[in-house]
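Protein chains: 2
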Amino acid sequence: MADDALFEFLHMEIVALVYKEQATREDIDKERVTCVSTLDAMGFRVGQGMIERFTKDCPTFKDDLDLMKFLCKDFWSTIFKKQIDNLRTNHQGTYVLQDNKFALLTQFSSGKQYLEEAPKYLAFSCGLIRGALSNLGLESVVTAEVSLMPSCKFQVVIQKL
Amino acid sequence: MADDALFEFLHMEIVALVYKEQATREDIDKERVTCVSTLDAMGFRVGQGMIERFTKDCPTFKDDLDLMKFLCKDFWSTIFKKQIDNLRTNHQGTYVLQDNKFALLTQFSSGKQYLEEAPKYLAFSCGLIRGALSNLGLESVVTAEVSLMPSCKFQVVIQKL
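One line per chain: the protein sequences are A and B, in this order.
With our numbering, the residue at position 127 of the first sequence is 121, and numbering never jumps.
With our numbering, the residue at position 113 of the second sequence is 107, and numbering never jumps.
Check before you lean on any hint, since a few could be wrong.
Just a few of them, taken from the derived set where beta-carbon distance is under 8 Å, the chain A residues facing chain B [claimed, not checked]: (1) Ala(-1); (2) Leu0; (3) Phe1; (4) Phe3; (5) Ile8; (6) Glu15; (7) Val40; (8) Gly43; (9) Met44.
Hint data in this document are derived by calculation from the structure and do not stem from the laboratory.
Even for Gly, the Cβ is constructed at its ideal location relative to N, Cα and C.
Chain A on its own, in the form it takes in the complex:
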């Protein structure tokens, strides 16, 4: 359906814009950090907004794992049109969410050819997870890892306060 494409196209435009704007600046290293954090911050705010709409009629979660399951199913399906394929946890606040066909990487050819381009296209989604969790009362550090496109792993480490 054309419906899913809207988010994918918009996301591509955002990444292109952020990197284009920064390309005019001098310091290359600083540049890369700023781009990732700009995209991450955008994702964070979108994640906050989305989860708020999403959970307004929801029961509360019985524990963190219950909440993560909700994130992997309902939240992920709404945004990326599929569920997370695999959720693992060490039961000590670390979760690994694996998506075997991550929507924002499917425009690339599969395999390792464009692997170095991947981080650009994951920063927004890391922020999205962090924003959603934050609005549900969990501060976290979220990182992403790709070893073979279009599969992707998000690692979420809950910060104990």
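The hints should help you fit chain B onto chain A, whose structure is shown.
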């Protein structure tokens, strides 16, 4: 549904980003023009991409009016979750599309209070229409007008080649 919200939140982020980036530059007037054209260009590319997916299994259109009707119904519904409320034409290449509750303006309080903020939130959608039409072989000039939020009129003038 939370589904519609994703596009609205992303659009807000894009507008904020484009205006923030430009706020660091000197010339205020030039600034405003650049922001609008950046947003319009992003909309154009998204419109092109969307209409391509959308029309790949579609019959061809019998005339421009037929095409505009498709844009007002199917295309608009997919993106903005409602149809255009009113379509008028002078049968000489000018079309006026009126949306009485335009999705990207509903976050504002109704009325005239934030009227001067409106153009920022219409540039992307003007580009979207222009991009969609362009991919269907019609070059156009698209402008938008708001007199009372959240209602909005888009004027499309088809350019004869």
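Verification of the supplied hints:
The beta carbon of A:Ala(-1) is positioned within 8 Å of a beta carbon in chain B (closest approach about 5 Å), and the interface hint is therefore held. With 8 Å as the threshold, the beta carbon of A:Leu0 comes within range of chain B, its nearest partner Cβ sitting at about 6 Å, so the hint holds. Hint on A:Phe1 holds. Least Cβ distance to chain B is approximately 6 Å, under the 8 Å limit. Here the hint on A:Phe3 is kept, as its CB sits about 5 Å from the closest CB of chain B, short of 8 Å.
At about 6 Å, the closest approach between the beta carbon of A:Ile8 and any beta carbon in chain B falls short of 8 Å, and the interface hint on this residue holds. Taken as an interface hint, A:Glu15 checks out: its beta carbon lies about 5 Å from the nearest beta carbon of chain B, inside 8 Å. Against a cut-off of 8 Å between C-beta atoms, the interface hint on A:Val40 holds, since the closest Cβ of chain B lies about 5 Å away. Among the interface hints, the one on A:Gly43 holds; its C-beta lies about 5 Å from the nearest C-beta in chain B, closer than the 8 Å criterion.
Here the hint on A:Met44 is kept, as its CB sits about 6 Å from the closest CB of chain B, short of 8 Å.
Going down the numbered hints, you'll see the structure goes against none, and every one checks out.
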